[in-house]
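Chains as they are written, first to last, in full-length UniProt numbering: chain H, 1 to 397; chain E, 1 to 397.
Hint data in this document are derived by calculation from the structure and do not stem from the laboratory. Note that this is a predicted model, so its numbers are computed, not measured. Fair warning: there could be bad hints in the mix.
Which copy? The list can't say, so a pair holds if one copy fits it or any two copies do.
Stated by the list, open to error - Straight-line alpha carbon distances no greater than 16 angstroms define the calculated EDC-like cross-link-like pairs of lysine to aspartate or glutamate that follow:
hint, residue 1, residue 2
1, Lys60, Glu383
2, Lys3, Asp270
3, Lys23, Glu351
4, Lys269, Glu12
Protein chains: 2
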Amino acid sequence: MEKLQNGYLFPEIGRRQVEHMNKCPDAKLINLGIGDTTQPIPHVIATAMAEHCMALGTPKGYRGYGAEQGNKELREEIAQTIYGGLDIKGTEVFVSDGAQCDISRVQLLFGSNTTIALQDPTFPGYLDSSVIMGRSGSFDERRGEYAKIEYMRCTPDNMFFPDLSSVPRTDVIFICSPNNPTGHAASRDQLSRLVDFARSNGSIIVYDSAYAAFISDDSPRSIYEIPRAKEVAIEISSFSKFAGFTGVRLGWTVVPEELRYSNGSLVLKDFDRIICTCFNGASSIAQTGGLACLSSEGSKAIRGVVKFYMENAKIMAETFKSLGFEVFGGDNSPYVWVNFPGRRSWDVFNEILEKTNIITIPGVGFGPGGEGFIRVSSLGHREDVLEASSRLRKLLE
Amino acid sequence: MEKLQNGYLFPEIGRRQVEHMNKCPDAKLINLGIGDTTQPIPHVIATAMAEHCMALGTPKGYRGYGAEQGNKELREEIAQTIYGGLDIKGTEVFVSDGAQCDISRVQLLFGSNTTIALQDPTFPGYLDSSVIMGRSGSFDERRGEYAKIEYMRCTPDNMFFPDLSSVPRTDVIFICSPNNPTGHAASRDQLSRLVDFARSNGSIIVYDSAYAAFISDDSPRSIYEIPRAKEVAIEISSFSKFAGFTGVRLGWTVVPEELRYSNGSLVLKDFDRIICTCFNGASSIAQTGGLACLSSEGSKAIRGVVKFYMENAKIMAETFKSLGFEVFGGDNSPYVWVNFPGRRSWDVFNEILEKTNIITIPGVGFGPGGEGFIRVSSLGHREDVLEASSRLRKLLE
Chain H
1 MEKLQNGYLF PEIGRRQVEH MNKCPDAKLI NLGIGDTTQP IPHVIATAMA EHCMALGTPK
61 GYRGYGAEQG NKELREEIAQ TIYGGLDIKG TEVFVSDGAQ CDISRVQLLF GSNTTIALQD
121 PTFPGYLDSS VIMGRSGSFD ERRGEYAKIE YMRCTPDNMF FPDLSSVPRT DVIFICSPNN
181 PTGHAASRDQ LSRLVDFARS NGSIIVYDSA YAAFISDDSP RSIYEIPRAK EVAIEISSFS
241 KFAGFTGVRL GWTVVPEELR YSNGSLVLKD FDRIICTCFN GASSIAQTGG LACLSSEGSK
301 AIRGVVKFYM ENAKIMAETF KSLGFEVFGG DNSPYVWVNF PGRRSWDVFN EILEKTNIIT
361 IPGVGFGPGG EGFIRVSSLG HREDVLEASS RLRKLLE
Chain E
1 MEKLQNGYLF PEIGRRQVEH MNKCPDAKLI NLGIGDTTQP IPHVIATAMA EHCMALGTPK
61 GYRGYGAEQG NKELREEIAQ TIYGGLDIKG TEVFVSDGAQ CDISRVQLLF GSNTTIALQD
121 PTFPGYLDSS VIMGRSGSFD ERRGEYAKIE YMRCTPDNMF FPDLSSVPRT DVIFICSPNN
181 PTGHAASRDQ LSRLVDFARS NGSIIVYDSA YAAFISDDSP RSIYEIPRAK EVAIEISSFS
241 KFAGFTGVRL GWTVVPEELR YSNGSLVLKD FDRIICTCFN GASSIAQTGG LACLSSEGSK
301 AIRGVVKFYM ENAKIMAETF KSLGFEVFGG DNSPYVWVNF PGRRSWDVFN EILEKTNIIT
361 IPGVGFGPGG EGFIRVSSLG HREDVLEASS RLRKLLE
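Extracted from the complex, chain H is given alone in its bound form (with noise of 0.2 angstroms):
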């Protein structure tokens, strides 16, 4: 714990946040900083879910502890409906209480001498539930990094995606794709050779694809697209994002039979363990709630909330291209990434909250890598959206 090093992230930002209205109680402030959904849950998902709660107040709805490892209803039609087609059982399905949680669940699987990898910049949680671990050596300020972590460069000229070449072995690689903050999805090509590379080591990919359903090419949405991969990966996922499930708190973890420790045993058994030591299955009311998104009717509206989302996106491309800035991701994620060259991240964070209340994400928050960019979410109301455009157009023109 001691490494560990300032606030995480998004706890920080809040906190610049709170100084920021300290200072200007009158602003209006857009938040288009952490990936926070703001669209309603569409009816009938919210509707199955109040139902719920209602049969919970009868003695023949009532429904006490679950399944740890979820229900089998939602398990199974998580492995049809999401990876239909990729031959993935109910049973390598774990219904979580969302994707972070199940990154350090994830982690107790391995011993604290793991060696890991991680794509730079990245999601913040891989890397310091790792030092929590004891995975890591001491922080080095100068570099902004830790000791004994592989950090994977992914930049415009290796289209952000780490190159293989020159990445040592490690026990364990970290995989965010669309990546979160740069939004860039892996290729099938790219995840290939990721897939090699870990059957040539040895390695475990712990594969995160929370934002699978913002993809609108034909990117694969699972690293079980890829041959082989079920010989190699876990893929986290979450509820989260595509259905506004933030504050619902549903996700899910596959682990494929086919993953093996070295000894031939099953990872599958272990994090079985693990789900019901440390763990306790998911909120039944959740559970319900992710059926329902997963139902016909619930598919087809939050594909609807996704594509408002993708609008979004593109408004906020749109506008950091028109000002001549470079732009990555918004087309299959709903996160934009932009490049200011030369300057540092936490300073045009800081310059934009002070001169037009909005709050995004400093690039470098996600690691060395990110130094010089800032991350913005389209998680947000179209009117927050085209506001802060017009703001941003008149700051940076």
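Given the structure of chain H, go ahead and fit chain E onto it with the hints provided.
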């Protein structure tokens, strides 16, 4: 992970239950095993959650992420209603998705070289999560114990509370009161000695009060009723049992500001960081339910449910007593702890299952000190409790 023995207790019982039902498909099974609640959630609480769900479906009522530590209002309400007069601040209360999950998160506070002591018998979660975190030596089949773990025997001879004069110093001491499975609520005197012991040894007490609402006498409902306990104790608790939230998932952990590491730094600060990194808040729906539980109408309804379960406990305790057995618990806890001297508890479990189709829990599942006992849960339906009582009388008379 490799050191971890057998299945976790409750899944193992589930397995034997399925096996029995396959053998006797027409058996009318009564489950007095896993402490799962059966009474509906009081109407006022179910309605509050349903309204929250419907609001999530509207532009005005939609909310995304909440604070990782829980809603401010709920944190303050827990501090005031549960800990009234004990001067606990809302900022010291961390809302969780249940006690079992928080036991593992509390474990993340401590490094893998941490030494631990636990009651024997006790809830298996403390031990199993300690083994997963790498705190134990190897398992001794004959003794039924892990090396490097301090088992503090709790028997009728020591009033089910450890004889601290024979317990060596450890970094962490897990105490569950009212105890699961013995049903014993530690007395003020016992807890005062525990706090003194921890203070003089520089140990941290992890105190699980998940069954505190079932205390009917003047035993402390919180470790913080003991002077200076805040300097040495974390308290973990849950809405699961008293509010029927086993499937809804809601609990909390108190980390007082007075609790410091030996270098003077706040344990609260580290726990906050763990919560922000490894957790993302309890479901907002469950949190709304928690607030409704603590309202005056909700509290009143819940007291009725607790009273109902305690009447069940009395029926079960009387049943075994009238048959000549030595019975503990059942007055300050929904668990009845029955002594079968000279017998092995898995044998008693199997005999009761085979001859009466009743699921209980073999005492040894809670540690070697539970050998010769079975635990009977009173959280069932009244007709099941009465039917179980009648079947047991026939078997054991």
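Hints, verified against the model:
no. : hint           : verdict
1   : Lys60 x Glu383 : between (45 angstroms within a copy, 15 angstroms between copies)
2   : Lys3 x Asp270  : between (28 angstroms within a copy, 11 angstroms between copies)
3   : Lys23 x Glu351 : within (14 angstroms within a copy, 71 angstroms between copies)
4   : Lys269 x Glu12 : between (37 angstroms within a copy, 14 angstroms between copies)
When the structure is compared with the earlier hints, no violation turns up for any of them.
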